[in-house]
Amino acid sequence: MILKGEKMSKKILVFSMTMLLVGAFSVTAFAQKVISVQYGEPWKPIFESAIEEFEKTTGAKVDNMMVPYGVVFLDKMTLDLAAGAAGDVIMVDGSMIADTVEAGYIQELDGYVKEWADWDQYYPAFQAMGSYQGHVYGIVLETAANTILWYWKSNFEKAGIAMPWQPKDWDEVLETAERIKEKVPDVEYPLYIPTGAKWGEGATCIGMYPLILGADTKAGDRNRLWNYSSGKWIGSSPAIERALDFLREVFSVRELSPIDAMYAPDVWGEWRRLMREGKIGIGFGGSWEWAEFWPEAIRPPEEERADVLGWAGLPGSGHPGTPAIQT
1 MILKGEKMSK KILVFSMTML LVGAFSVTAF AQKVISVQYG EPWKPIFESA
51 IEEFEKTTGA KVDNMMVPYG VVFLDKMTLD LAAGAAGDVI MVDGSMIADT
101 VEAGYIQELD GYVKEWADWD QYYPAFQAMG SYQGHVYGIV LETAANTILW
151 YWKSNFEKAG IAMPWQPKDW DEVLETAERI KEKVPDVEYP LYIPTGAKWG
201 EGATCIGMYP LILGADTKAG DRNRLWNYSS GKWIGSSPAI ERALDFLREV
251 FSVRELSPID AMYAPDVWGE WRRLMREGKI GIGFGGSWEW AEFWPEAIRP
301 PEEERADVLG WAGLPGSGHP GTPAIQT
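Residue numbers for the sequence shown follow the UniProt record's numbering, beginning at 1 and rising by one.
By construction, these hints were calculated from the structure, which means they are not laboratory data.
Listed next, the in silico DSSO-like pairs over lysine-lysine satisfying Cα-Cα at most 27 Å (straight line): (1) Lys218 x Lys232; (2) Lys114 x Lys33; (3) Lys61 x Lys33; (4) Lys158 x Lys279; (5) Lys181 x Lys158; (6) Lys44 x Lys61.
For each label pair, taking beta carbons as the anchor points, the in silico distance ranges come out as: (7) Asp171 x Asn64: 46 to 54 Å; (8) Met66 x Asp245: 39 to 47 Å; (9) Asp171 x Lys44: 35 to 43 Å; (10) Asp118 x Lys158: 47 to 55 Å; (11) Leu141 x Glu303: 25 to 33 Å; (12) Gly111 x Val71: 33 to 41 Å; (13) Lys114 x Trp43: 23 to 31 Å; (14) Gly84 x Asn227: 30 to 38 Å; (15) Ala83 x Trp43: 17 to 25 Å; (16) Ala162 x Gln121: 36 to 44 Å; (17) Pro68 x Ile259: 22 to 30 Å.
The beta-carbon is built from N, C-alpha and C at its ideal position, and this holds for glycine as well.
The whole structure should be built from the sequences, with the hints applied where relevant.
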């Protein structure tokens, strides 16, 4: 995603965006230029190697504006964008594109991607991820699976739950979490679902929306928040009500999740700490957590992670026409 502004030419803007994607533009325009790049620490290895190669190839200088762990990235980016202090090139979640376009913060890229030979290598769905109202504003660097059910294998062993585990519907998820609550009292959160304002888009994209998608059939946009035929938001539907009923079961009826962690100063950091310390029975999270549960300094090799950490796909609700696996 590229910010609007006068301090860089449009050609430099497009090249700086594609430097991570092996862009095919002239490098002569970049000598003696300074380009700022802003991203979160989880992507540090990717960006540092790309920045090094870009500086070596173009002669430009890159101002590395990495946002470290412990800082709420969405809050930081929102404030920096409003203050005009964000980087020339920013890496954000696709959920921010519409808002930043409407606010006039970012540059349209239609003309640039047409000149970029590699643009055709992207699936249409990936091209659309960085687009808004028919125009391209960002280029996808990665995507992930939402939502995966992560679990600590030792907790499942203590509870006598067979592995590998793949629940067939929401009821089985609830029943498994109840068994963990009964058999493994050291587990503080038998079923952890990102919820609440502090989770931001995590509460939507990891918590609520995957439940809605699995709550009804996709026919007629019945499992959506947006009706593509009418062009209107869906404020009430059986799918939304089923998703809310599931959350009510988790938090109020069966008391499978306290809410303390939803108010932690760093909700992402707290969720990962609880998970790697075995305090969570089953947790809703993205595929990226395979690495992110551990800080880089103490991250075990993949073989060791596979010994302690298991995962399953999020099932559909079990109602007729719903998917077997929603992840």
